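There are 2 protein chains.
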Amino acid sequence: MPIAVPVGSPKIDKMDSLPITKVNNQVEETSKVLGAGGKELPAPYKSTGNEALDTLAFLHLLEQLKVQKRSGWIREGVKEAESISDHMCRMALMAMMIPQDPSRPLDIPRCVMMALVHDLAEAHVGDITPVEGVPAHVKHQLEEQAMDSFLNEMLGGEGNKDARERFRSLWDEYEARETPESKLVKDLDRVELALQAVEYERSQDIRTLSPFFVGSIPNLEHPVVQKWAETLMEERRQLWASRGREQEEQDGLGGAKVGDKTKKVNGV
Amino acid sequence: MPIAVPVGSPKIDKMDSLPITKVNNQVEETSKVLGAGGKELPAPYKSTGNEALDTLAFLHLLEQLKVQKRSGWIREGVKEAESISDHMCRMALMAMMIPQDPSRPLDIPRCVMMALVHDLAEAHVGDITPVEGVPAHVKHQLEEQAMDSFLNEMLGGEGNKDARERFRSLWDEYEARETPESKLVKDLDRVELALQAVEYERSQDIRTLSPFFVGSIPNLEHPVVQKWAETLMEERRQLWASRGREQEEQDGLGGAKVGDKTKKVNGV
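Residue numbers (full-length UniProt numbering), protein chains in the order written: chain A, 1 to 268; chain B, 1 to 268.
Everything labelled a hint here was simulated from the structure, so no lab data went into it. On a predicted model such as this, the values are computed, not experimentally measured, just so you know. Cβ coordinates follow ideal geometry from the N, Cα and C atoms, glycine included. You may find that some hints are simply not true.
As the list claims (entries may be wrong) - Between beta-carbon pairs, the in silico distance windows are:
no.: 1; chain 1: B; residue 1: Arg75; chain 2: A; residue 2: Val67; range: 17 to 25 angstroms
no.: 2; chain 1: B; residue 1: Ser242; chain 2: A; residue 2: Asp260; range: 53 to 61 angstroms
no.: 3; chain 1: A; residue 1: Asp260; chain 2: B; residue 2: Thr48; range: 23 to 31 angstroms
no.: 4; chain 1: B; residue 1: Glu175; chain 2: A; residue 2: Thr208; range: 37 to 45 angstroms
no.: 5; chain 1: A; residue 1: Ser203; chain 2: B; residue 2: Asp251; range: 40 to 48 angstroms
no.: 6; chain 1: B; residue 1: Arg207; chain 2: A; residue 2: Gly255; range: 55 to 63 angstroms
no.: 7; chain 1: A; residue 1: Leu53; chain 2: B; residue 2: Gly133; range: 50 to 58 angstroms
no.: 8; chain 1: A; residue 1: Arg243; chain 2: B; residue 2: Ala241; range: 41 to 49 angstroms
no.: 9; chain 1: B; residue 1: Gly244; chain 2: A; residue 2: Ala52; range: 19 to 27 angstroms
no.: 10; chain 1: A; residue 1: Ser203; chain 2: B; residue 2: Asp148; range: 20 to 28 angstroms
no.: 11; chain 1: B; residue 1: Thr262; chain 2: A; residue 2: Asp260; range: 26 to 34 angstroms
no.: 12; chain 1: A; residue 1: Ala136; chain 2: B; residue 2: Asp251; range: 48 to 56 angstroms
From just these sequences and the hints, can you work out the full model?
Encoded structure:
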């Protein structure tokens, strides 16, 4: 059941104090569930009782991953910004580039699938960015509810049992962020963002993306991904230097470096 | 090495009679390699000798999968058409929906990865559609050369050996189209196209997409995918009927039905 947040309600700190308003299983008209950009969300899907129709509804829902563009880019004035599925596709391809390492064994095919599922909830909720003021636990709750709706209402039939369990398992694992696979996928999420940011800087001369780097590259953990990022940041430095803005680039980063936060944690 | 096709040359039937023009490893200026839409292709990438830089070049190349839109849609006047990676992402998610079937065992994670690799060459060559008059063997050759360039020049270093072998193995398997996994991925390629076509018909009232269905749904083989397509085509019939164009929809299909061609092959 969705938790209805009345429009204009004061900021709520604890999820269990949110008012739940339901009348006959329908959200009251005065209460709206808000997703990315404060956009009102449609009511969650309810099974028709016909497995084929429900499955088709899920297939159509996936189109939203193409239609929804990554909102951080739009906010920064990027033209023709990428979609959510554009981002997930490159992350998944990047997972396939990670070499086997006996000292750091990883189930790469599982990472690939996890990359494709980790933003699945955004097909309903939209792309809520860190700067929108939506508390992390609220974002998580909205996404959890979306996943429940997809998996239990759209893929709820017996014929979709394997699919349901696969998506559920991957999404839960990613959200828990405890396994090496989930941590790698998070790293790929970060580095793919940084890569796309440099590409937009290069092709559209966007100059306000420093926070995207500051929020991503210091948190990288996997040594292979760190190496990619180091090479990328050197490319960025040269790009800004070629435009006579090397100091501005350094200032924007404020000393942020690849893997800074993780190295400190490891005492390096 | 790229095979250079001189601009304006007569249609060539056999690949081994194509003139190969190279001067000092560079294609002669008068010869151009043409990809999708007759667009001249950039010279293929050459390794810099620096593995990190070459790897970064491959990461940046992948952006082309987001930038290049699926050209069939553009040709038919679709606004804001999807990208190549949009298409591959949904295909890969659809692979994850296929249930385990002991009578038809499939390596689903492999199918997911194959879906993400099958159009990789288009990052260089572009999206050549069947109606452009590019012979299939020429398309294949251009794509093969692109893959060689990516894997041997961009991912040619020792550190990328696993990546190189993984991409090569998946792409070759898909091109050969002999394994059950490759056949499923081809089915997903077809049904994802049909799904997107209905979505564009619904949202943008595009009316010229019948050939997309005629070219895809009769060839579907996997029973689960056939079922999705049957439900989809019924949705389409109802959509056109609701617009007073049911007869036009039937005429456009010309009797084409899901799995028609495969059922006949199996004597059903």
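Hints, one by one, checked against the model:
no.: 1; hint: B:Arg75 to A:Val67: 17 to 25 angstroms; in the structure: 20 angstroms, holds
no.: 2; hint: B:Ser242 to A:Asp260: 53 to 61 angstroms; in the structure: 57 angstroms, holds
no.: 3; hint: A:Asp260 to B:Thr48: 23 to 31 angstroms; in the structure: 28 angstroms, holds
no.: 4; hint: B:Glu175 to A:Thr208: 37 to 45 angstroms; in the structure: 43 angstroms, holds
no.: 5; hint: A:Ser203 to B:Asp251: 40 to 48 angstroms; in the structure: 45 angstroms, holds
no.: 6; hint: B:Arg207 to A:Gly255: 55 to 63 angstroms; in the structure: 57 angstroms, holds
no.: 7; hint: A:Leu53 to B:Gly133: 50 to 58 angstroms; in the structure: 40 angstroms, violated
no.: 8; hint: A:Arg243 to B:Ala241: 41 to 49 angstroms; in the structure: 57 angstroms, violated
no.: 9; hint: B:Gly244 to A:Ala52: 19 to 27 angstroms; in the structure: 26 angstroms, holds
no.: 10; hint: A:Ser203 to B:Asp148: 20 to 28 angstroms; in the structure: 27 angstroms, holds
no.: 11; hint: B:Thr262 to A:Asp260: 26 to 34 angstroms; in the structure: 56 angstroms, violated
no.: 12; hint: A:Ala136 to B:Asp251: 48 to 56 angstroms; in the structure: 54 angstroms, holds
Comparing the model with each earlier hint shows violations of hints 7, 8, 11; every other hint is respected.
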